[in-house]
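Respectively, the protein sequence lines represent chains A and B.
At position 122 of the first sequence the residue is numbered 122 (the numbering used here), and the sequence of numbers has no breaks.
Heads up, the numbering used here is the position in the second sequence plus 1000, with the first residue counted as 1.
Quick caveat, the hints were computed from the structure, so don't treat them as lab data.
Where hints are given, some of them may not hold.
Computed cross-link-like contacts, DSS-like style, restricted to lysine-lysine with a CA-CA straight-line distance of at most 27 Å [said to hold, decoys possible]:
# : chain 1 : residue 1 : chain 2 : residue 2
1 : A       : K44       : A       : K98
2 : B       : K1128     : B       : K1092
3 : B       : K1092     : A       : K139
4 : A       : K100      : A       : K152
5 : B       : K1073     : A       : K44
6 : A       : K139      : B       : K1129
7 : B       : K1092     : B       : K1120
8 : A       : K44       : A       : K145
9 : A       : K152      : A       : K30
Residues of chain A clear of chain B, computed beta-carbon distances all greater than 10 Å [stated by the list, open to error]:
#  : residue
10 : D107
11 : N117
12 : I122
13 : D128
From the three backbone atoms N, C-alpha and C, an ideal C-beta is built for every residue, glycine too.
In case you want the letters, here they are:
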Amino acid sequence: MGNMATQTRFHVLAVDDSLIDRKLIERLLKTSSYQVTAVDSGSKALEFLGLNGENEDEERNSSVESVSAADEDHQVGVNLIITDYCMPGMTGYDLLRKIKQSSSFKDIPVVIMSSENIPSRINRCLEDGAEEFFLKPVKLSDVNKLRPHLMKGITTKNEMQSNTNKRKGSEEIQSPDRTRPRYNELEVV
Amino acid sequence: MDGYGMQNQIACIRRSLFDQGYLDEQFIQLEELQDDANPNFVQEIVTLFYTDSTRLIQNIELTLNSRPINFSKLDDYMHQFKGSSSSIGAKKVTSECAVFRQYCAAGNAEACIRNFQHIKQEHAILRKKLEFYFQMMGQAAVAQTR
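Could you build the full structure based on these sequences and the hints that come with them?
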């Protein structure tokens, strides 16, 4: 029981300019036991990740290359990004491209949501690296599809690093050491 | 009215909202997201919708009243409005918004203006119905504690 507090949950970054949809996606994700950070724009999402579109090397200030169990409490890596497509300024597609072009973040799964069912749009997003494309309004059955993409992240990391802290059914994350959270489950508007 | 009678009445109100096409299955999705830790989620998100959509309505009015009409801006606002109403399961409002966007795409100002009146009406009707529904639920909750 004492370990529950230190067990890391999957952390999802949700991006949507609609207040209502942010509230909805947040509730959907929390119901599925994910930790959620909700922001209202692509640029805020990049800011949260520590990617300001400038020199990425500036962000590599962490001296911790591998993660130990002791650090879990202090880590809030992002394990998945779910973003609306239609947003003023940077679209969800633009954000997808930026994430995939980033050496630090390209392996974070990205999911796109849209209220418009436009096959060419959907195909383009999937071809350019989106794992899933959800039509709005997003439902619980959609959010259930996220889990395999999140679990894939763990498997890859477990293969890459020797993990002496395997717990049965654990959602323990060896999170990317380059995400620099400024918010913790707070909504940024 | 006793607790059981109230539950019955509430169930009837709720069913009629679906039967008469005011709400669709998305509203049920919202209800399913409600739990002991978040007992007022539906009411909260509906309240948020009405606050947000009131602002959008004002913006749409302004845009419709300006000359020449900026159809691109209109479509933008309506896209947001339609999105939000769809997210809370407001069936009639959402479909009126879809019609509006068609008129908007065609640059048909008169039809837009006319259709917008329908949107506002449906928006207001649903608001009243939902307020009444939540009020009844609130009363039933109180009755149950007696």
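Checked hints:
Restraint check for K44/A and K98/A: satisfied, since their Cα atoms lie roughly 13 Å apart, inside the 27 Å limit. At most 27 Å may separate the alpha-carbon atoms for a hinted pair to count; K1128/B and K1092/B meet this at roughly 14 Å. Straight-line distance between C-alpha atoms of K1092/B and K139/A comes to about 20 Å, which keeps the hinted pair within the 27 Å bound. For the given pair, K100/A sits about 17 Å from K152/A by alpha-carbon distance, which is consistent with the 27 Å threshold.
Straight-line distance between C-alpha atoms of K1073/B and K44/A comes to about 24 Å, which keeps the hinted pair within the 27 Å bound. This hinted pair checks out: K139/A and K1129/B have alpha carbons roughly 24 Å apart, not beyond 27 Å. At most 27 Å may separate the alpha-carbon atoms for a hinted pair to count; K1092/B and K1120/B meet this at roughly 11 Å. With a C-alpha separation of about 25 Å, the suggested pairing of K44/A with K145/A holds against the 27 Å cut-off.
Under the criterion of a C-alpha separation no larger than 27 Å, the hint pairing K152/A with K30/A is consistent with the structure, at around 20 Å. Under the 10 Å C-beta cut-off, the non-interface status given to D107/A relative to chain B holds; the minimum distance is some 30 Å. Interface exclusion of N117/A from chain B stands, the closest Cβ pair being 12 Å apart, more than 10 Å. Here I122/A stays apart from chain B, with its beta-carbon at least about 17 Å from theirs, past the 10 Å limit.
Every Cβ of chain B is farther than 10 Å from the Cβ of D128/A; the closest lies at roughly 23 Å, confirming the non-interface assignment.
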